[in-house]
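Position chain B relative to chain A; hints supplied.
Residue numbers (the numbering used here), protein chains in the order written: chain A, 796 to 1211; chain B, 949 to 2117.
I should point out that these hints are in silico values taken from the structure, not numbers from a laboratory. Virtual Cβ for every residue (Gly too), placed ideally from N, Cα, C. This list has only true hints and no planted wrong ones.
So the derived label-pair ranges between C-beta atoms look like this:
| id | chain 1 | residue 1 | chain 2 | residue 2 | range |
| --- | --- | --- | --- | --- | --- |
| 1 | A | Gly1185 | B | Glu1922 | 50 to 60 Å |
| 2 | A | Ala947 | B | Ser1821 | 55 to 65 Å |
| 3 | B | Leu1010 | A | Ala1115 | 40 to 50 Å |
| 4 | A | Ala947 | B | Leu1743 | 26 to 36 Å |
| 5 | B | Gly1069 | A | Ala1160 | 20 to 30 Å |
| 6 | B | Lys1148 | A | Glu1055 | 36 to 46 Å |
| 7 | A | Asn980 | B | Ser1321 | 20 to 30 Å |
| 8 | B | Leu1743 | A | Thr975 | 32 to 42 Å |
Some chain B residues flagged as far from chain A (calculated, every beta-carbon gap over 12 Å):
| id | residue |
| --- | --- |
| 9 | Val1270 |
| 10 | Asp1470 |
| 11 | Ala1503 |
| 12 | Gln1818 |
Okay, derived cross-link-like pairs now, DSSO-like style, lysine-lysine, Cα gap no bigger than 30 Å in a straight line:
| id | chain 1 | residue 1 | chain 2 | residue 2 |
| --- | --- | --- | --- | --- |
| 13 | B | Lys2076 | B | Lys1088 |
| 14 | B | Lys1163 | A | Lys896 |
| 15 | A | Lys1171 | B | Lys1155 |
| 16 | B | Lys1148 | A | Lys1171 |
| 17 | B | Lys1136 | A | Lys1171 |
| 18 | A | Lys1171 | B | Lys1126 |
| 19 | A | Lys1186 | B | Lys1155 |
| 20 | A | Lys896 | B | Lys1160 |
| 21 | B | Lys1985 | B | Lys1116 |
| 22 | A | Lys1186 | B | Lys1148 |
| 23 | B | Lys1333 | A | Lys797 |
Each chain is listed here by its residues.
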Amino acid sequence: MKFIHAADLHIDSPMRGLDAYDGAPVDQLRGATRRALIGLVDIALREKVDLVVLAGDIYDRELGDFRAALFFREQMIRLVNAGILVFVVKGNHDAEGQISKRLPDVQGVHVFSSRTAEVIDLPNLGVAVHGRSFPERVVSEDLVPSYHEPVAGRFNIGVLHTSLTGRVGHDPYAPTDVATLSATNYDYFALGHVHAREVVREANPRIVFPGNLQGRHVGETGSKGCELVIVDGNTITSAEHVALDVVRWHDLTLDATGLETVTALAQRFQEVCRSCVAGAQDRLHAMRVTVQGETTLYALEARDPGSVAATIQAATQDFAIADLWIESVRLSLRSPIDREAAAQRPDAVGEVVRLVNELAASDDALRTWTLANLDKLPILPSDLGDIEPGKLTVGQLRAFLADAEATVLSNLSTGV
Amino acid sequence: MRLVELHLKAFGPFTDQVLTLGDGKQRLVLVHGLNEAGKSTTLRAIAALRFGIPPRTPDKFLHEYQQMRVGGVFVDAQGNRYSLMRRKGTGVTLKLADFAQGGVELPDPIPPSINRLLTSGLSVEDYQSMFGLDHETLRKGGNSLVKGEGEIGAALFEASSGVGDVSKILSELDATAKKFFMPAAQAKNARINQALSEYKSQAEQYKEAQIKPAKWEAIAKASREAHDALETVQRELNQKASQQLLIKELIAVAPILTTLAYANAIVQDLDQVALLAEDASTERAAAEAGLSDAMAEASTNDLAVTEQRTLIDNIELDPLIVAVAQSVTRLHAAAATVAQLRGQVATAAGDSASRTQALNDLAANIEPTSEASVVIQQAPTATDKARLSGFIVALEEAERALSQHRLTAPKQVASQNREPRAIPDANLQAAVRVALAEVVKNDATLQNLSRLPSEIKAADRTANAAMVRAGLPDESTARRVRPLLGAAVDHANQRLTALGSERAEKAKRVDEMKEAIAEQQDAINNLLAHGHVPTHDDVSGARAHRQDGWTLVKATYIEGTKPDIQGFAQGRPLPEVYEQAVSDADSLIDGLAGDTGRVTKLEAAQRQLAALTRDLTLRQGEIQAIDAEERDFKATWEQTLAQAGIPNMPPAELRDWQDLLGTVLAGFDGLQVKRDELRYAQDLEKSLADKLLQSITRLGITRIDDTDPLGTLIAVAEDNLKQIEGLIAASNNAAGQALQFQRHAELHNTRETELVGNADAARSAFSCHMGSLMLGEDATIAMAKARQAEFDQLLAANESVIEAQSRGTTHAGMLSVYQDTAKSIAAALSEPLPEDVTVAAEIWSARLGRAQAQQSKVDLAEQRLAAAEQGLSTNQAKGARHSATLKRLCVSAGVQIAGELPEAEEKSNRKRQAMRDSNAAADQLAKASRRSVKELQELLAGRDHDVLRTEESRIEQELVMVNEHLGKARTAEEAARRELDSINSSDAAAAAADAMAGAAATVRNTLPLQIRTRLAHSLLQEAVRRFKERSQAPMLKSASAFFAQITGNEFEGLINDDSNDSPVIAAKRPGGAILSVEAMSDGTRDQLYLALRLAALKLQRERGVDLPVILDDVLMASDDVRAGCIFKALADFSASGQVIVFTHHDHLCDVARRNVAHDAIAVVELKRA
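The following block holds chain A by itself, in its conformation from the complex (with noise of 0.2 Å):
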């Protein structure tokens, strides 16, 4: 018996945080979350599997488009049609969601009930499918207590939407743990909700996140994809992570250290892509940089803001082992001054070293300096409206007010 475990597919979620600078690979962003669960159902076609189990959150909550359902419904008719069962629980994404509610029933295709555990014997493949779905988005007590014993002589899988004991990033739903796991004597829990790959338990039961289906935004980086696990009787012979991303998230930490010229960092940029991307080399790489290190490129960067991440944009036209998106180019790079020293010198430096002392001496001075003397920006999408500079915190002032510094006094080139 052969099946495939997934999860948090969040159809048509879109990818965020990716600029369209000028050079980005655009089209290769298309629907993405789309290709990835095309390429599930073609690995399954491929690989003949007998089931397909989908542990939760196949839409966005927030999403309102119902052609992601008729797409998914799609994808799933390719399954049942090849013979291929579905086996769905509903996540917190898609319990209160009227995209699940509205979608009809796909022959083939079972979604588990919120109101009870229930299980499907599947006696001529020897698996028996367990499972239960949110009835809300907020799912506080522990499902698996209400999930049915194991059937005798069958390979027992559990497919259950939590958090387990909690992850990081992650709303904590349906709590539970891995001895509750463990006493259903189930062969293999399919768990969905944490978006990370992660083998909770490696066998007596195999428990498996296999994170989601294609990351979306640089918190979710590295391969994504699916699991295959081929069983033999009640025994797992082979189970695989099986990558399906579209486009494959980076954060990626650069050590400048050393380099003196925005060709040197491309350089060093580039190589450390060719190992990002090693092995993958056929989808887009969409990637964070944060540039760190004692570097004369900081200079560059306080005098000209932008300049280092510019040069890693153009680095990714050179880059033909395979498309590369920057999402931002973040800087730690450091060059602390004497400000002690430097506040004391009866110069243009030390009049600007000064002023920024005395601005950072008071939150409320910072403020009102800081508002008054920036632009005033039309207002804001709901989404944006977080980086509305009224709503800067005091720290975020304060890193601003150091990087302005920074740029000034590297504009004046007078070397501290």
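Relative to the frame of chain A, chain B by itself:
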């Protein structure tokens, strides 16, 4: 710290070259070198000596990296000399050196203080931008002044530390900020503007492209309903069609049913007749012929069998040994191998036992309570190992990254850790500042305190002197004087003047009269010179006199009345005087009568004289009257003056006196004013001191005495405020450092959070895997690796045991094969198991030889016997087969003997035909209808052909109507379905959402850059403003002096020209003409910028930054006169620190020598390397 010797030991093209840069007094150094002499290299060497040789120096082409050296002798402000050598490299590159020993580097470490003296805490870039000036810098600075249109704040700001063109920087920052975002609503090209526009556009597209689930459901429901309606009509149509088909079917099946019934009746009649095969008669004939032939052949075969059996029975065989012949042969051949295997089995058993013990020991190390086999089951597979290896690498990498990252944690500077001193409350500070401000405000008054006492004394002296001059005894007297009105004084003065004039006129007349009288008298005297000439008047007079005498005589002597005679007698006796009078009168009368002509002249003269005398008297009387009037007036005047308290004086003097009095009074008034001022100042001083004292006391920084003078209090207050400013500056500085620290810490923490997350994830993955290694989740990497190694050893030991066991098993197996062979041979021969396989093999081998010979004979006979038996058997079987065929045919036909078969075959053929007819009818019926015969018969019951035709016609009409309904329903269904189908699974909305996310990302990514740039712009602008406010006056004053000196006083100096909107710097000529920066020549602008830079450097030097100023070819645009002026200015400037000027112009050396004292400048020749 001055550089007095530069040792170019191994630097650029130089090797062991020494430049002496002046003696102790020569602080202005002119280094002259021709082109290509290495001037630029020397400049770099000077910087490298102080700040280090840069890693990517252009001066390493001649000397090896390790050999590069530049040294120097420095002199600090106290005259201490330091000999230092700098090498190229990393770490400590500066050492003390002994140049007397050829520049030997000393091992002693350089004290940090020397480094501080060398650099004054500046970076090399700072040093070069602040203290380095070349022609290009001057020109750029000058041009920058022009571009900034001389804007004074920017000009001073730029010159203060040699920074770039502030106006340009501001302009570029503004342009950059606008490139990111422009607030104007119509701005479209800035990135954020574009992104927001794109966001809006995509949001609209997203909205349009979306299909809401409810909408889809409504459309789907409409489609379903249309579909249902269509199906309903379709069902009705189907029903009618079914009815139509049924009628047609019944019409078709009616005749077939009749045929079927007939055939079935025949079959029924022959029901007892067996149905034979169609070829039954042919088969019967063939069987009868074959039976006869087989019986003949069998008889011949039987005879041959008997003969061969007899032969075989006579031969003696040993079948037992032959049966195991191959075993015996193999066993005999393997005798040597068997012996060898016996030894190998023993050896393997020993190995296996020892290795098993080792295996058990290793397993016990891993899990003492489990069997080794159980532990081995837990050993990781290759996949597990690979996975574990991945986990370990990931964990090590994550922990290494985290560890390395933590090493780079930003450190707080010491001042951040210091507990900040409390800054007094702002109100208390303000109170001190107010108190000080009041002091400053009243400074002019307070300065009177020192001035007024002497002024009062002087004024007192002046006032008293004036008072003395005015004849006044004291001030009170002067105060009592009531000055007369000017009119009164004028009137008095005029009156007196008029009296004087009248009197003078009268006196003049008197004098004239006296002169005329004298003339008459002379005439009379001339007339009388010839004797006395009496006149009638004399006579009358004499007569009158005589009469007076007579009267007196008469009174005296006659009347006895004793009149006053003194006037007449003049002390003489009256009678005598009277007699004389009588005599004189007589004489006169006689003389009158005797000289009439003379008498007439005389009398005329006398009359004239008398008239004159009379007039004179009159006039004199008038004069006396005037005098009297004058006296009266003066008396009145005196009285008036006295009443006014004014000393006596003529009116003519009074005005001056009164002026003097005014001076006196003004003097006293001024004196009083000054005394009042002094008193007020003293009161004010006390008041200010009290306020200052209170405010200082409240500050609580310095303990002060309430008797401290105001000056002390001011000093204390200023010192306190300075301390507070220091505290605020320190606090601000701490805030700035905190800002920097927080910024760095923020970056660091963000990274740390990521790295900790990575490490935790790696640790979690690693820990999850520990169970498979029979370790707890808290196991370390080392433990995991150790356990991995233990498992590797265990598996290796297990392999070893298996190998030993396998080897023993293999050998034993091989041996047992031979033993089993022997055993099986013995069993086959019914012999006991031989003790020695090899011996038994020998015996069995011999027996086998013998048995095999006999067997060959038997084999030949048996071959023949078999052939005979085969023939017999074959013929017997043929006969049996034919008999059976005939018997089977009889059974099928239900007869006893074969002879009855032909009749039975004929009945069978008839029955078959009837059945075929029935089946044909049934087939037709099946084609015409799927219903059973019974069902059809029921349906046809009561329906003859006519009835069926009528029903058929009715149904056809109904079908036409239903078809019409169906067409409409289908159209409606198709429309609904098309609408539903139009909603496909397009990702248009998702694409728009992606585009919105992209536009949002653009805004999110760009806004920080815009904010940073905009704030940088504002920061710089504000810094320029503040710098101008703080430094304009001292810097402009200083620069002004330098500029005047540099231009040879062609200009008086620099001014702040605020006649326009924006104050600009301008030069002022001696005549007062103003020259704007734009109107200056390039050279003058250069010199203006040089003056500003020197002013800025002066400020740096005042702060204690003692570094040489390096000027490189800054005199290119100056003629000799200006160059001389510049040298003079530099010589003056060098009094506060060293100035080194580089030039390749030979003539400038002469210019310098002509204009600067010999002991103030050193001219150094740089020789080509």
